[in-house]
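Chemist: Chains as they are written, first to last, in UniProt numbering: chain E, 1 to 86; chain V, 1 to 417.
Among the hints, erroneous ones may be present.
Each computed SDA-like pair below joins lysine to any residue, with the alpha-carbon atoms no more than 20 Å apart [to be verified]:
id, chain 1, residue 1, chain 2, residue 2
1, V, Lys64, E, Pro47
2, V, Lys350, E, Asp38
3, V, Lys229, V, Pro386
4, V, Lys64, E, Ala48
5, V, Lys57, V, Gln202
Covered, in the sense of this in silico footprint (three residues per stretch, anywhere, with C-beta under 8 Å from a C-beta of chain V), are these stretches of chain E [what the hints assert, rightly or not]:
id, region
6, 15-29
7, 68-80
Keep in mind that the hints were calculated from the coordinates and are not lab data. Glycine included, C-beta positions come from ideal geometry on N, C-alpha and C.
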Amino acid sequence: MRIPCPCCGLRDRREFTYYGASVFLDRPAPDAGLEAWDEYLHLRDNPAGVTRDLWYHDPCQSWLEVERNTVTHEVLSTRPVVEARA
Amino acid sequence: MRYSGFRVFTQGLSGNRGWRPAWRDPAPKPAYDIIIIGGGGHGLSTAYYLAKNHGLKNIAVLEKGYLGSGNIGRNTTIVRANYFLPGNSEFYSHSLKLWEGLESELNYNVMHSQRGLINLFHSDGQRDAFARRGNAMLAQGDDAILLDREGVRKHLPYLDFEQTRFPIYGGLYHPRGGSARHDAVAWGYARGADQRGVDLIQNCEVTGIDIENGRVTGVQTSRGPIRAKQVAMVAAGRSGQVAAMAGMRLPIESHILQAFVTEGLKPVIDHVVSFGMGHFYISQSDKGGLVFGGDLDFYASYAARGNLPMVEHVMEAGMTLMPMIGRAKVLRTWGGIMDMSPDGSPIIDKTDTEGLFVNCGWNYGGFKAVPASGWCLAHLMATGAPHPVAARFRLDRFRTGRGLMDEEGTGSQHNLH
Ligand SMILES: Cc1cc2nc3c(=O)[nH]c(=O)nc-3n(C[C@H](O)[C@H](O)[C@H](O)COP(=O)(O)OP(=O)(O)OC[C@H]3O[C@@H](n4cnc5c(N)ncnc54)[C@H](O)[C@@H]3O)c2cc1C
Ligand SMILES: [Zn+2]
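Based on the sequences and whatever the hints tell you, model everything.
Modeler: Set out below in structure tokens:
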């Protein structure tokens with residue numbers, strides 16, 4: 001698997017670290033309650049198909065949101081997390 | 001038909017014409033008391049113990065492919081009871097005891113072989129951690145022996161003890177650990193359940209779960225709707241999709257774990273050897289193949305095949321530990337879809353829907369759990385109360401934060417186990 005980094009171009013999977021589903025970007029307020037924190041930390045759609053998750057590219061130290069297919073391992077798009085949050 | 005050495009002998013003399021299929025192939029009935037979704041190890045053992053221990057009759061197991069087509073037929077077959085935390089410890093201890101009686105219980109040769117498991121350690125700190133784990137195992141009533149380097153050398157003379165990256169300091173020896181034939185476990189439980197009247201329905205994919213007024217009433221399948229009073233979701237790596245049919249999201253992320261087998265060799269590795277620091281473990285099958293594996297590919301995937309970086313990593317770790325295997329030819333590699341939970345421990349529980357149960361979160365360790373998981377889920381479904389050894393496998397522990405069981409001590413978060 002290769003992932004296109006917006007900074008560095010198409011790079012080998014070994015250069016990246018996987019962090020998990022991109023819901024990690026939507027951090028609830030500290031007092032949002034147990035349900036909201038459970039959703040954020042634990043509960044997952046876990047789709048067999050297109051998903052969005054977070055990867056870290058070691059060489060350029062950027063966090064990316066990667067849209068990819070969990071069945072075919074096809075990478076559909078990537079963008080820096082700063083843009084995904086905007 | 002009872003299997004025995006005598007029957008093998010007489011069948012041999014009469015041209016093996018008397019063998020019959022080990023289970024029926026029934027069409028689904030319009031309704032059952034209990035439906036189990038998923039004909040893997042856990043679904044089949046649940047059905048078996050519902051019939052055997054609780055005398056229940058009107059049960060169906062619905063399997064979308066063929067029996068044993070999931071992880072039960074893809075794992076590397078290690079059976080052990082070397083867990084540390086209360087909750088896991090008593091459960092896996094119970095499971096190992098069931099394994100020890102399984103062949104006579106099922107009248108089926110599951111090739112359970114207690115050849116001993118050795119977990120290697122490579123530093124003083126790791127030795128202390130293993131000593132502590134060994135004491136927990138002894139306190140649970142299981143067996144553990146702390147070996148120093150010479151002790152390991154007696155068992156495993158072929159290891160490279162002096163490798164510069166991870167020199168071997170010793171190992172935690174678990175003599176009752178070992179392996180079994182994975183398909184045979186599925187087939188043995190399937191045959192036993194069928195003999196007790198359970199309908200095993202293959203090529204029957206569940207496509208919907210019917211719920212009325214907060215109560216489960218049946219399922220929709222590729223072979224038509226089937227009504228039921230109780231439904232258990234036992235779909236391992238596919239748990240997320242099945243739970244979504246009931247409007248639930250689970251604390252599960254599905255990941256790939258790869259495995260490898262070489263050509264058949266003469267007996268050379270007598271134990272199960274686990275090299276945790278290198279992410280590598282190995283045993284030799286009765287057919288002679290070296291069966292080995294490593295860690296997850298470490299990203300969410302349903303591909304049932306892995307990626308090359310992990311292949312390379314596992315081969316490097318194997319060569320670091322035991323250079324003697326370098327000349328063996330790898331025959332096959334494959335992957336299975338693992339139902340990873342945030343704390344690395346499983347879930348056997350009721351759900352908020354009356355009559356609907358969930359069994360998932362087995363991570364990479366659910367093969368050894370097959371007997372006790374079925375035993376405990378059957379107990380929960382038949383009596384309404386959790387079995388004492390599985391009482392901590394609660395679904396709500398993630399929401400409340402109470403009773404998390406993180407064996408590795410890395411944190412209860414999805415990408416950490
Ligand atoms: C490479 C590898 C190595 C492993 N090594 C070990 C080991 O050494 N020791 C150990 O203890 N564990 C090990 N495991 C883990 C173990 O195999 C699993 O935890 C365990 O098999 C999962 O439970 P199961 O047998 O019920 O799963 P499965 O056999 O996967 O059963 C689930 C079944 O549900 C069916 N299903 C899914 N969706 C539907 C639907 N909608 N309708 C109908 N049916 C459906 C699937 O087809 C499947 O047959 C390993 C796993 C892998 C992949
Ligand atoms: Zn980059």
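Chemist: A separate judgement is required for each hint: does it hold in the structure or not?
Modeler: A quick look at each hint next to the structure:
1. About 18 Å separates the Cα atoms of V:Lys64 and E:Pro47, which keeps this hinted pair within 20 Å; it holds.
2. Only pairs whose Cα atoms come within 20 Å are accepted, and V:Lys350 paired with E:Asp38 is accepted, the gap being roughly 18 Å.
3. Proposed proximity of V:Lys229 and V:Pro386 is supported: the alpha carbons are some 19 Å apart, at most 20 Å.
4. Between V:Lys64 and E:Ala48 the CA atoms are separated by roughly 16 Å; this keeps the pair inside 20 Å, and the hint holds.
5. Straight-line distance between C-alpha atoms of V:Lys57 and V:Gln202 comes to about 19 Å, which keeps the hinted pair within the 20 Å bound.
6. Only residues whose beta carbon comes within less than 8 Å of a beta carbon in chain V count, and the region 15-29 of chain E has 4; three or more means the coverage holds.
7. Look at the region 68-80 of chain E against chain V: 4 of its residues bring a Cβ nearer than 8 Å to a Cβ of that chain, three or more, so the hint holds.
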